[in-house]
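A.B. asks: These protein sequences, in sequence, are chains A and B. First residue of the first sequence: 93, per our numbering; consecutive thereafter. First residue of the second sequence: 50, per our numbering; consecutive thereafter.
If you are wondering where the hints come from, they were derived from the structure by calculation, not from laboratory data. Note that CB positions come from ideal geometry on N, CA and C, so glycine has one too. Please note that the accuracy of each hint is not assured.
A short, non-exhaustive set of chain B residues, derived as facing chain A with CB atoms under 7 Å [what the hints assert, rightly or not]: (1) MET85; (2) ASP141; (3) GLU147.
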Amino acid sequence: MTQEYPKQYLYRQVVRAKLYIDEHFAETVHLDNAAKAAGFSKFHFVRLFRDIYGKTPHQYLTSVRIGRAIQLLQTDLTVKQVCFAVGFDSITSFTALFKRRIGLTPAAYQQISLERRNEIKTVPLRHIPNCFAEKKGWTKNSNSR
Amino acid sequence: MITKLNHVSIFVLDQTSAYDFYVNKLGFKVHTDAEMGPGKRWLTLTPPEQPGLEISLMSISAGMMFNEESAAAMRDLVTKGTFGFGVFECNDLRATYEELKGKGVEFTKPPTEEFYGFEALFKDDSGNWFSLGQKKT
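So here's chain A without its partners, still in its complex pose (with noise of 0.2 Å):
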């Protein structure tokens, strides 16, 4: 690995563009301009960016906006202020990429993880195998009382 030097160049520029995916995924990003920016063609750029990490930086780009709206649908935000503040643009396309790929609407989704969220603080042993919970001592929900 250490032999092939000059690629490690390559390596960089493809994980900076990765990590600007990650910093700027609520803004609109430019692939072209990463592209750019990494210092290559773009059918290269996305070429090599499909190699290292199996999806196109586009597929990536949909791939972290989706994480990060998981994570926020199991906060208080609606579901409008969610789609915005993960760099959707439209609620419907939002809404139906999402179900595409978690299997229910973000809505449904935000619903079941409230339910899961208010289960694990009023009843948490529901969620910890016996076995660990006896070790530590918890037999009563003891951060419900």
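Place chain B on chain A using the hints.
C.D. replies: Chain B only, in chain A's frame:
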């Protein structure tokens, strides 16, 4: 017939610091984070693409699981880097190494080619070490 592993424990010095390391540096997902009383927390994470394996970050503190002496001994062993808890896998080790190193993850061995693929070694914020591998295709 045993079919799969769904929980595994990693003993850490500080759950809050470990949360930051595993979630913000390694990119793991929080599965369950439950307060079980003052200073008691059940915290499990999953690797980004393995939602069925919960990794429990267990604090090493005196209580039901450890007495004072055992907890002190365990903390000492973890700090010294005695324990290796497993092998993580990634699509591309060179890229993952570059990214994690840039985020401040300490590698004790840079990527090297092995007969089965590529491997590097890194430590978590407590001192536990892991292998990070990429299988040969």
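A.B. asks: Which of the numbered hints above does this structure break?
C.D. replies: Per hint list: zero violations.
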